[in-house]
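Chain residues, written in single-letter form:
2 protein chains.
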Amino acid sequence: MTEFGFINSIKTLCADLHKNGFEGIGDDCAVFEFSERESLLFTTDLLCEGVHFLRHATSARELGGKALAVNLSDIAAMGARPVATLLSLSLPAEATEEWAAEFMEGYHALSKRYGVALIGGDTTRSQRDIVISVTAIGRAANDHIKRRSEAETRDVIFTTAPLGGSDAGLHDILDGHIDTPLADLHRNPCPEIEKGQWLGARHEVHAMMDISDGIASDLRHIMTASHKGAVIDLDRVPVAEGATLKQALCGGEEYRLLFTASFEAAEQLARDFERRFRTPLYPIGRITEGAQLKWREHGTEVELDWTGFTHY
Amino acid sequence: MTEFGFINSIKTLCADLHKNGFEGIGDDCAVFEFSERESLLFTTDLLCEGVHFLRHATSARELGGKALAVNLSDIAAMGARPVATLLSLSLPAEATEEWAAEFMEGYHALSKRYGVALIGGDTTRSQRDIVISVTAIGRAANDHIKRRSEAETRDVIFTTAPLGGSDAGLHDILDGHIDTPLADLHRNPCPEIEKGQWLGARHEVHAMMDISDGIASDLRHIMTASHKGAVIDLDRVPVAEGATLKQALCGGEEYRLLFTASFEAAEQLARDFERRFRTPLYPIGRITEGAQLKWREHGTEVELDWTGFTHY
Chain A
1083 MTEFGFINSI
1093 KTLCADLHKN
1103 GFEGIGDDCA
1113 VFEFSERESL
1123 LFTTDLLCEG
1133 VHFLRHATSA
1143 RELGGKALAV
1153 NLSDIAAMGA
1163 RPVATLLSLS
1173 LPAEATEEWA
1183 AEFMEGYHAL
1193 SKRYGVALIG
1203 GDTTRSQRDI
1213 VISVTAIGRA
1223 ANDHIKRRSE
1233 AETRDVIFTT
1243 APLGGSDAGL
1253 HDILDGHIDT
1263 PLADLHRNPC
1273 PEIEKGQWLG
1283 ARHEVHAMMD
1293 ISDGIASDLR
1303 HIMTASHKGA
1313 VIDLDRVPVA
1323 EGATLKQALC
1333 GGEEYRLLFT
1343 ASFEAAEQLA
1353 RDFERRFRTP
1363 LYPIGRITEG
1373 AQLKWREHGT
1383 EVELDWTGFT
1393 HY
Chain B
1083 MTEFGFINSI
1093 KTLCADLHKN
1103 GFEGIGDDCA
1113 VFEFSERESL
1123 LFTTDLLCEG
1133 VHFLRHATSA
1143 RELGGKALAV
1153 NLSDIAAMGA
1163 RPVATLLSLS
1173 LPAEATEEWA
1183 AEFMEGYHAL
1193 SKRYGVALIG
1203 GDTTRSQRDI
1213 VISVTAIGRA
1223 ANDHIKRRSE
1233 AETRDVIFTT
1243 APLGGSDAGL
1253 HDILDGHIDT
1263 PLADLHRNPC
1273 PEIEKGQWLG
1283 ARHEVHAMMD
1293 ISDGIASDLR
1303 HIMTASHKGA
1313 VIDLDRVPVA
1323 EGATLKQALC
1333 GGEEYRLLFT
1343 ASFEAAEQLA
1353 RDFERRFRTP
1363 LYPIGRITEG
1373 AQLKWREHGT
1383 EVELDWTGFT
1393 HY
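In order, the protein sequences belong to chains A and B.
Take 1083 as the starting number for the first sequence in this note's numbering and just add one per residue.
Take 1083 as the starting number for the second sequence in this note's numbering and just add one per residue.
Okay, chain A solo, but in the shape it has when bound (with noise of 0.2 Å):
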């Protein structure tokens, strides 16, 4: 079975169960609204040793980082503020005192750095591998929260950054290369914390997600919430340097933004984008009606048989 094939089955399994509040399973985030202004967000990530890191390949603080940026990423993709995290710590013996303050300081200047709070957790032994699982918690207006089901015909589907890298570089680290720029990407990935939110805060971005498994993937996430389908542009989407334009498409763990904003006020938003941050928007394709994922090059329909990065 799929991880989507468990969790959809998760989910028939669950549907029976009460709510209390709580907008559950299908975004990046559950969100129960505890007010009429605001909401807390909420969503947990688990990383294993051999699995989502080599313990040779990746150091300790870096480790830390990243355990903590892939969930920040999934606040900031439905335009949210990261306020507190859990963590919990399974290590074998053999992993050091050393090792595990070195995770800490990593973990830790990250939190610095976004205004996070440790809130709990859980430490306990392993028979073998490290693993790190973080639950994160966001706050934000109810009227900010971007969900995957609200993107609309003839939308402009946007990108933040270049793609492909962080695949580029899980290659060079499976090739035994740890030391290149594109490794380094790999293992120090950078939530979009700031640009998620001001996305939020924009009434003319519909849906949104951070891009995990590869826009191939993702997107059809988003098509199948808003019931749409999409149109994407090859020779518009932005391909890292050292990365191809398959792992631009199919990478995972780009923890960049994926989102669709009204056609009209694309431009404008592109605009007042790159004014904030200094950085572009990548216009990639538009969403339209039906179900399919089409692919164009210079205008024309092309065939493509790629699909996302899978896990497990």
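Simulated from the structure, these hints should not be mistaken for lab results.
All C-beta atoms, glycine included, are put in the ideal place defined by N, C-alpha and C.
Do not rely on the hints blindly, as some may be mistaken.
Unchecked claim - Keeping only pairs whose Cα atoms sit at most 25 Å apart, straight-line, the calculated DMTMM-like set for lysine to aspartate or glutamate is:
no.: 1; chain 1: A; residue 1: LYS1101; chain 2: B; residue 2: GLU1118
no.: 2; chain 1: B; residue 1: LYS1101; chain 2: A; residue 2: GLU1120
no.: 3; chain 1: A; residue 1: LYS1101; chain 2: B; residue 2: GLU1187
no.: 4; chain 1: A; residue 1: LYS1101; chain 2: A; residue 2: GLU1115
no.: 5; chain 1: B; residue 1: LYS1093; chain 2: A; residue 2: GLU1179
no.: 6; chain 1: B; residue 1: LYS1101; chain 2: A; residue 2: GLU1144
no.: 7; chain 1: B; residue 1: LYS1376; chain 2: B; residue 2: GLU1346
no.: 8; chain 1: B; residue 1: LYS1101; chain 2: B; residue 2: ASP1225
To be verified - Far from chain A, some chain B residues (derived; all Cβ distances over 12 Å):
no.: 9; residue: GLU1234
no.: 10; residue: GLY1258
no.: 11; residue: GLU1276
no.: 12; residue: GLN1279
no.: 13; residue: GLU1286
no.: 14; residue: VAL1321
no.: 15; residue: PHE1355
Got chain A; can you put chain B on it based on the hints?
Then chain B, alone, in the frame of chain A:
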């Protein structure tokens, strides 16, 4: 370094982070007061194969229930109602779809029993071991929340059930007797959700927590947080059938409640509790001035060097 030593070093490192309205590490749960009347509470636990359970000695269904139960217990231990959870599962290739489906059945059944939503999570592969991470969210009236720091001198110390059975069951399992009633109890803890909420609503109840590392260890958390001492009457500690006094005092994973209540109101509280739940409260000692934990047998102080259960 011990688990508590590591947690203390994390507390020190992270003392400079913004709290963002969250009351953090130190109680069973973190607390976020979202209105003048109510709070959300947060707790998380990690269960690792070979450390917290043995795959051959527990069914997937039981493990699904236990992973949830230990978290709900932390919520109940502060007087709150569990409302939602996030669940992350890391499974090696040989944990089949059938195993995962049975695990979810156990998790779902207990969620349904206590009216708890499943709002998110993560599923990944692991190299070898099964790892389960649960984050639970509770909700309570602000004036119902019980903290470890609220014990007062002269308070009566209560527990809600005979103790030591879970530890005796663990020893049965480790000895290869996985089918005994106590082994069954160890695998199927029964979190005291209704009792915790009922005690939360009683103002004469001061400090409360759940027994996860044994009274001898857990009571010290209440003493330290409240800056008090305590005396325990060994002849009043209720010992589960098949367990020893040492197991009742030092055995972990009981998930029963340990709390203190005003001396003047204690008898009435115990009567009301027994009328409501058809099971007694067990007064086992008193809170004192000072900082020492003393043990008494038939009114005479005795020396004991027993400490609590250590996972780490």
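Of the hints given before, which are not true for this structure?
none
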